[in-house]
Amino acid sequence: MKVSRRDLLKRACLLVPAGAVVLSRRLLGAGDKAPKKKYSLKGHKYTFIVDTRKCIGCGACVRACKLENEVPKGFFRTWVERYTIGKDSKVTVDSPDGALHGFQELESVPLTEVAKAFFVPKLCNHCSDPPCVPVCPVGATYQSPDGVVLTDPNYCIGCAYCIQACPYGVRFKNPDTRTADKCTWCYHRITRGLLPACVEACPTGARQFGDVADPDSPTAKVLHSERVDVLRKELGTDPKVCYIGLDTEVR
Amino acid sequence: MGEMLFGFVFPNERVYWEIVIVIYPFMVFATTGSFFVSTLYRLFGKESLKPVANLALLASLAFAAFAGLPHLFHLGHPEGAFRIMFTPSTTSAMSTFGYIYGFYLGLVLLEVWFVFRPQIVEFAKAAAGAKRTFYSILALGVKDITEASSLIDRRIIKFLAFLGVPTACILSGYVGFLFGSLEAMPLWSSPLIPVTFLLSAVVCGVGLIEVLYFVVMKAKGRRMDARCVRSMSVYLWSFLVLSGVLQLLNLLHSTYGSRPDWRFAFQTLNNEFPFMLTGLQLIAGLVVPFVLLSALLLLRMKDGLRHALTVISSVLVLAHVFAFLWNLIIGGQLASRTLRGAVNFHPEFFGKEGILISAIILLCPLIFLFVLTKILPPFKDKAEAAG
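So the sequences go chain by chain: A and B. When we follow the working numbering, the leftmost residue of the first sequence carries the number 56, and every step to the right adds one. When we follow the working numbering, the leftmost residue of the second sequence carries the number 921, and every step to the right adds one.
Keep in mind that a hint or two might mislead.
Here are the simulated distance ranges between beta carbons [unchecked claim]:
| id | chain 1 | residue 1 | chain 2 | residue 2 | range |
| --- | --- | --- | --- | --- | --- |
| 1 | B | Phe1023 | A | Lys93 | 45 to 53 Å |
| 2 | A | Gly98 | B | Ile1020 | 53 to 61 Å |
| 3 | B | Leu1168 | A | Val285 | 33 to 41 Å |
| 4 | A | Lys171 | B | Phe1270 | 44 to 52 Å |
| 5 | A | Lys171 | B | Val1211 | 21 to 29 Å |
| 6 | B | Thr1175 | A | Gly129 | 29 to 37 Å |
These are computed hints drawn from the structure, not numbers from a lab. Ideal Cβ positions, reconstructed from N, Cα and C, are used throughout, including at glycine.
Throw the hints in and build the complete structure from the sequences for me.
Quick look at the structure:
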């Protein structure tokens, strides 16, 4: 079969890019598509680690969460707080619009008067003993077998009892769905082997997420090497969000 | 919904339970308290309360019938309300409330039917046309009002009243438990709250029946029974004292308990609602009626003045109960969990959970009671009405 130079170039133009696509998918994985392995609900011990020393208050996590989960305006599944402690020990806390657009310089406390300042990202603690779960009258709020606290928006009747029961103020009544809403650790992502959107978006690695059931996971290593604390330990809710460098002023 | 009042609050914090949720326990108090008044005559044989016993029972039914309505207006998905009953979560205080409320409503309905059965049968026999059919349906086909059947009726009524007392107590106390069990809310989280609710319910019921008795008698152009009014003022004084003392004990206990979140929440409430807390709940609603009722018990005075003061005290006591619920429910949500700020609350007028809807919801049982008194007159004749 005689192949003209023109035909050869034509076939090459078609085959080379197609081959490149196939090869790149093989080598780099399928991007954001789900891994083929079926997700098992058992055997997980998810933990979220917030390193307050690394957070720069850029708000990328808040924006990513808003986009990923279509969080309505004025409400937050995650937010960042800024603590400014003056030399006179006066504590100023703010979180303008949940830090959706980051932070401006604080005008009320002159920079020269600041003893220390830091940012604290907040999200649902996915407590092991969650106060929001037993109060739900219809069982719409539940703890999944892999330990994540979720709310079924199709079953929730919007009584707000769970919102009142949460001591961390992370729940809200979604004005669009008229049901209780909160952070799910991006359950739709983690069950596909992906990271929560906020973790993915954090430019400094202040947010880390992983399964500490695997002792070799990076999260387990951090958990076992760093001194961590949880919010409002005295309540006995046993939060699964651990903080590195947590200050006593943070509630 | 509200916005930040001062300081720093978590960005999702709002007043999520608004006026309709204040109305909700108020209506539960009204029904259980009225039932208590009716029971004092039917079970405990307090003859002095006979003139208001039937009215109290009908009021109890009227308020019970609408006690769930405020909750429906509050729900984001009221169409799913029956999930609380059909697919309940056994760990939830709210789902258990549905069953207690359902049982209580059935019990009151049954007692009303047995108490008014002789009248229903009499109307069914005496009336003609549509009225006869209507009362025949109400009689459920049972037209036997012989002495033997009346005796059985009386025994059943006594048994229902006997069963109704703990049920009404559980219902009103349980509403308190709905709030008291929430540890995250410092002003609510107290083991004394259910008992406070129970006593407030009795106070509310006695006050309400006193006011209703006054209104009905005025409308009918009859005089109130002096013995009945005096007896009710004694009950009102007694339970007001118990309720007030318990509220003060709760306050003292929490103040000395030195919980920083409680102190902050109470301070916020005091700063934001000084009129509702000190003016209405404490002075106008508790101290003034206490003084007036004490004067009624200790001093000799003419019946007209006695009745007027009892009614004024009753109105003030109702205001006290409303203020107590307002301060607890709305006021309890003002302080932020951050303990560094508070949310604001401006009640909407036309909103789904606003002032207008709340007023309409409160009017519903009164309209229903008016209709009920037309169908089942609580006062047989002039002689009985006057005692």
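Index of numbered hints that the structure contradicts, given in increasing order: Violated hints: 2 and 5; rest satisfied.
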